[in-house]
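*Asks:* Protein chains in written order, with the numbering used here: chain A, 1 to 264; chain B, 1 to 264; chain C, 1 to 267.
Label pairs and their computed distance ranges (CB to CB):
(1) C:PRO51 x A:PHE137: 14 to 22 angstroms
(2) C:LEU69 x B:ASN140: 46 to 54 angstroms
(3) B:ALA207 x C:GLU167: 37 to 45 angstroms
(4) B:ALA174 x A:ASN102: 42 to 50 angstroms
(5) C:ALA45 x A:LEU69: 20 to 28 angstroms
(6) C:GLU167 x B:ALA145: 20 to 28 angstroms
(7) A:LEU69 x C:PRO51: 28 to 36 angstroms
(8) B:LYS141 x C:PHE28: 54 to 62 angstroms
In silico negatives: residues of chain B with every beta carbon more than 12 angstroms from chain A:
(9) MET1
(10) PRO16
(11) LYS58
(12) ALA68
(13) ALA232
Bear in mind the hints are in silico, worked out from the structure with no lab data behind them. Small disclaimer: the values here were computed from a predicted structure and weren't measured. Beta carbons: idealized from backbone N, C-alpha and C, even for Gly.
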Amino acid sequence: MSDYPETWRKPPMIANPLLRYGLALAILVYVVWAISMLPIDWARVSEGITRAQRIFSGAFPPSFERSGLLIKGFSESLKIAILATVGGVLLSIPIAFMAARNLAPMPIYLLGRAIIIVARSFHPVIVAIVFVKAVGFGPFAGVLTLIVYSIGFVAKMLAERIEEIDWGQVEAMRAAGAGYLATLYYAVFPQIMPRQIGLSIYQLDSNLRASAVVGIVGAGGIGSTLANAFGRYDYDFALAITMVIVGVILISEAISGQIRKRLW
Amino acid sequence: MLKISKLVKRYGNGDPVLKDLDLTVESESIVAIIGASGAGKSTLLRCINRLVEPTAGKIDLNGVDLTALRGAQLRHARRRIGMIFQGFNLVDRLTVMENVQSGRLGYIPLWRAVMRRYPKQDIRRAYELMERVGIAHYANKRADALSGGERQRVGVVRALMQEPEILLADEPTASLDPKTSEQIMELLRSLSREFSLPVLINIHNVAEAKTYADRIVGMRYGRIIFDAEPDALDAAAMDEIYAGTPAEERAEAGAAETLQAQTA
Amino acid sequence: MVDMESTPESWARYTPQQRLQRFLIYLFSIAAIVWALTSIDVIWAWVWDSPEQMGDLFGRMIPPDTTNLGTILWVLLETVNIATIATAVAVVVSLPVAYIAAQNTTPNIATLWLGRFILVSSRSVNTIIWALLFVAIFGPGIVAGILAIMFRSIGFIGKLLGEAIEEIDRRPVEALEATGASRMKVILYAIVPQVMPVFWSVSILRWDINLRESTVLGLVGAGGIGLILQGAIDTFNWQEAATVLLAILALVIIGEFVAMALRRRII
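Extracted from the complex, chain A is given alone in its bound form (with noise of 0.2 angstroms):
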């Protein structure tokens, strides 16, 4: 009986124990120094509750009185929204083109890819501070904006997509005699549309969120509303806006989520 083991240690992840435990003495030294070295000033933090007091006071209950200001700044971030996925989703097309390894020649393809990092690495806000730099405030920056956002997203997913396709299709056009473009167009087109449809409208729905932030920074729509409420103490108008935001955004998601899952 008293032949067998009688303790066990579960085997550990890493198995090399200097490794381990020098892994988790640095995350240990990385956290103090994280914490530490943050430039927080405690007796600012601490007046926060007052404050917090204050704002909820002044939010509670929400204003729906400046309504027609509330509708005004949706309907035009509705019209960036629609402008910029359509201007996005047809500048993704020759995008993901270029981007995709299977059609495209070596230097087309890393053009294509750099775009697409490029649009994909900064936050749509940043992106906003250089148009409404560019071209002023209002919403023709917010429509840029989102043009490359949308790029970012649909013209990524788009060459995924390319280069997954049928190789067969193309190689059948092509016995058949058919030229470049009518390649595309008949054994390409058909095989990425629809796809392409179902990342058009999510893309819709995620302008749409999108439009909501980059107005904080001047970029037009219901986002610059919101700031020139908070900009103002106008607490409570600032949550009616919030609400509607969240309202709004959960409708199109499930109009989108629907719309989707009808297409797939």
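With chain A's structure known, arrange chains B and C on it following the hints.
*Replies:* Leaving out everything else, chains B and C in the frame of chain A:
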């Protein structure tokens, strides 16, 4: 001793799945329960350890009425009932040792479970039992790295770790190939003798039931219609148990030869 | 032999009903675009002028000015810390939220709705809007930024984790219940191991996203690299702004590689 009397189980308002069922199992015997799918075999087994809540009736295990228990009392009763499953029901991402020790979860304090610091005697017992069924060298392997037969052995050891007073096995060999399933049945029989355990096995394969069981119980539409030694199970009894079920299912159950014997 | 008389000479891809449906969708889409184009509040002269303006702007960014590179990199590190700390805290907080928001683990219907309410409100409010609120409460600075990212992340992680809990294999749970294990032990041994891979991949994914989000917090005063960018832009120091933008680009790309490497190691 397990004594089931007047057991009724009804789902919703439908026809009862178990109808006034009586069954008594004395110690140290293998009882095979056979019957077509939907006869109520699985429900019967799950009523015993209350994974399924009985509608009416009494289940008495060594003097304790299981149907009356609540909360901690029920958990204490379940510790004494080992269960083996068709799909093994192991936690794939845990090691074999952790799976085996999970049979002791009802006994050990929470901190031991969290820290994986199992009591010495539990570890020794686990190695002993794993050695007995031939899986001790897998103690530190993840459960999903094992083959079907080995996984079922882990399931058996987990049940035995509970120091059960009875073993329930729900189609323990249905997911295994014929050779492995014979090994598992053989194992269950010898373990039953070794630990003087009553074992209740739901089984599809009548040939296996006849070979390994001490007693065969035939169920049909929620009632026991046959209860005798394996030798008493003749063509007429088989026909009664499986009457009206599709030929494929009978063939699967090993009833084909009896059917042929009858027509000849 | 094919009967030439009855062979159709015209072919259309869609039935008339399908064509009508497609026509209406096109009409609706075009109407929406026309509505947006004609009523949007832009000064078209500025639009036609914009390529020139953009060219001018990018021209002024060249060459990027690296005199403040040391400061920029230091603040960038601070930005990474904001993202990392906020993600770590959010991960911990989202665990109980996911637990009560999953149908199969939540104690009762009230906790289920509480969990869902937390997830929806956290997810539907953007990080920047959270940041606006926290800047108003705690004043400008890093605390507001960390809280903003945390609040947004809780919903994201909690939702995906809750879905993972709902999709687990029920059978090991049943087996452990049959051994007489308490609720807590069943969760630890049957649910936690199954959710672990999702937990790690969602945490890494969110960290990657948060890296991007933390670069813009400064634009509403909530700390990080955004503050320097805003400063450079406000003073029309486009050459420094270019350096900051390049630094952000590098950070995001490195972050993506790190996330990819972590994912491969852990899962």
